[in-house]
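Enquirer: Residue numbers (my numbering), protein chains in the order written: chain A, 1 to 253; chain B, 254 to 865.
In case anyone wonders, no lab produced these hints; they're calculated from the structure.
Note that beta-carbon positions come from the ideal geometry of N, C-alpha and C, so glycine has one too.
Among the hints, erroneous ones may be present.
[Unchecked claim] Across the chosen pairs, the derived CB separations fall in these ranges: (1) A:Lys62 to B:Gly695: 31 to 37 Å; (2) A:Thr64 to B:Asp859: 39 to 45 Å; (3) A:Glu180 to B:Lys857: 45 to 51 Å; (4) A:Ser107 to B:Gly429: 26 to 32 Å; (5) B:Arg860 to A:Arg232: 37 to 43 Å; (6) B:Trp670 to A:Ser133: 32 to 38 Å; (7) B:Arg683 to A:Asp243: 51 to 57 Å.
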Amino acid sequence: MTKTSEPILKIKDIAKIYPGEGKSTTVLDHISFDVYKEFLCIVGPSGCGKSTLLRIIDGLDKPTSGQVLFHGQPITSPSPKVGVIFQTFALIPWKTVLGNVLMAISSSSIQKEEQLKIAQKYIQDVGLEGFESSYPKELSGGMKQRVGIARALALQPEVLLMDEPFSSLDALTAENLRREVVDIWRDPAYPTGSVLMVTHNVQEAVEMADRVIVLSARPAKIVDDVKIDLERPRSPRDPVLYDLADRIISKIS
Amino acid sequence: MHVSRPSLRKRVASSSAGRTVSFFTKIFLSGIAAVAIVALIIELLTGGLSPNCKSNPLDPLCIPGYAVRTLTRMTIAYAFALGFALTYGIATAMSHRASHVLLPLLDIFQSVPVLGVVPVVFLIILGTGSNPPVFNQEVASIILIFTAMAWAPTFGVIAGINAIPTDIKEAAHAYGMHGARYLRQIVLPAVFPELVWSSILAWGGGWYLIPVEEHLSFGQPPNQTQVDLPGIGRFIALAALKADLGLALFGLIVLVGIILAIDRLIWKPLGVRAEKYKYETVAAPRTTATRQSSVVAGVRRYEDRLVSPVLTFFKSERSYAARVLEITRLKRIRHITERLRFPERIGRIPLWGRILSYAIFVGLVILGLIVTIMSRSQSIESGISLLATDVTAFELIAITLLSLSRLVIAYVIALSWTLGAGILIARSQRLSRLLVPIFDIGQSIPATALFPLVVILLVDPFKNSPYLGFTLNLASVLLILTGMQWYLLFNIVGAVNGVPNDILEATAAYRVRGRRFVKEILIPASFPAILIGSIQAWGGGWNALIVSESIGANVSVPGLGSFLVQASSREPALGAVEIYASLLVMTATVLIINRLVWRRLLRKADRYKFEA
């Protein structure tokens, strides 16, 4: 996964300020970076505005100033080429697994039968075969997030945005899912080039990412941009990872 | 371990829970005391009800005195209702065995349309004399208001106790809290938020009766019993009898003013405060925080423009409405969850409990019937034989169906407009700021108070026209509608507002918009709320039905409601039997519809709930 010269996403001078009584709160303080064909993690202390940044990148939230460019075009509303995975899974309780996955693609121009095939394929790919007609309530946390992943993949997105995707899961489930997500991203059969993941778990970031952008506490500024040039597949218990994580943590605090 | 234990004990004993109660009680009692003092001052300043008010009861100067009388009746009835709710609720929630009977019995009681009880209570307490003593009238009136107020707080108490998390119960148990201490430090604080919330409903129920029960008559002229209690309700009723639109409107405005004042000065501040005493789940705050900030920011943006006092009032109403919406949203969700659990719990109650509860209810009805007839010095046999010859079962079924069709029409109208309006309100901040205060005032008008207006506008002008039948039916449906719509509207608004932020973001991220968003997200998300709203709306509808079908003397449409009202002016024994018969039919219909329609749907609604 080498960098191509053209960035897929260009984050240009993004600022987010919430007006308040008397003084306003600056959440994001002029943030700029480029996203290439890579696995990019954004880490920072909790409450620093990482999730807000991700929402702005998807067009779910508007920046106070600045711009997000996707292949040179400004993003103002959610794009069909960007998939999102949520911390809280955000599954519709009255839709089945299949229904939840279909939701992502049903506004596209693809024929109904084709949609069904795509949805079923990705449900299989995340290992939920046989659970198509189950409701989210009947699934474990890990399985729910698998539905969330299948839903994002079904869009066949070029960019995948993940907002703390593993922090509502237990440690063991999270470790398995991390490996699977990296495997899926590395599999050339999937069109997804860039993954942008927000997390407060530095260990998780260095384990998964090609590059880690480190944000400061509120108002968030980029304090570091670390390249992780390690062979894949990586072991989460590799001592080099611990060193890297320590260095990043010292930057945050 | 041994060293630390006493200190832990101490900490639990002096925990905030204990202080919470006393603090809360203080505010609560001072609220009631404030009303009482203001009432007393007004009464003293105006020198009580002057003789002038007796000869000329429509003198607007008598209004303060009337307001005091009405408020006093309400407050006394409310005190009894609170006592009942705490006793019944705690007994139900604390004793498993007792709950087997108490819970289904409560369910039956709350299915009895309160307005249907009006003639029963008056007949029992007032007897046959044409001029019953004022004291008896007052007692009957307070009992009636009590029956309108008691059920909601009782459910509130049960819900509050059920909501105590297991870990808190276990902790209390582990630190040796039992009996009175457990009750005071754990149960009461847990119950208070629910109690405040349900008290608002209870007062609403009480106000509903006021325009009806202060001026009533039973029986035919020689044997007529006249209820005549000075109060706001009587003022409106008398103005309507004189077809004086101006005075009726004036009375209505005063009534709504009092209701709104009490709401703003007592219930809403208490409600806001009570929110703090709730057990919260960890996941909740995030979404509410972002929402609240946007609402607050929206309100603030208007702040600069508002200078004149009038506008400032509207501004506070508006921000207040936003806040109320915020709070009621949470409450409705909890309310909905509790109501959804209810059929399940009823289903788990053993058969003997259910049978016993029905037996108790039927026993009470028979007892009531006997007492009623005895008080009118008649024999029961004569009443029943009169019923058998005079009214056929077929007739009862026919008028029940007629009434049902009116209810269905009103319900369909109510559901269609409220669903549309609810979705609009919830989707547009601007519309919500404009409409919610209006609807909030609208819902605080007791539907019964509108009856005189409808009579003056829709019935009186058509007295001699061939269209009278049509306008009467129209008036009836309209009045039932006013008794139904607000429950639906506010439940739907609450539900649509309650769709969690992450779901909204996911649908936005996957571009589910417009019609699809309404169809796939908003309507299913409001499904449980629509059901709860429907149950409440049908309760309100049955109540309204009783007055709406019989609008004036000789001006009525055939139905269960008009049958009941006419029964109270019939030959005493027959009348009593007929009143009980129609009450039983009504309660049975409510219960059957609940079982066949709402409970079944409620069981399905579980899927449409968002996980906490």
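Enquirer: Take the hints in turn and mark each one as holding or not.
Expert: Hint-by-hint comparison with the structure:
no.: 1; hint: A:Lys62 to B:Gly695: 31 to 37 Å; verdict: holds (35 Å)
no.: 2; hint: A:Thr64 to B:Asp859: 39 to 45 Å; verdict: holds (42 Å)
no.: 3; hint: A:Glu180 to B:Lys857: 45 to 51 Å; verdict: violated (35 Å)
no.: 4; hint: A:Ser107 to B:Gly429: 26 to 32 Å; verdict: violated (60 Å)
no.: 5; hint: B:Arg860 to A:Arg232: 37 to 43 Å; verdict: holds (41 Å)
no.: 6; hint: B:Trp670 to A:Ser133: 32 to 38 Å; verdict: holds (36 Å)
no.: 7; hint: B:Arg683 to A:Asp243: 51 to 57 Å; verdict: holds (55 Å)
Violated hints, listed in ascending order, are 3 and 4; each of the other numbered hints is respected by the structure.
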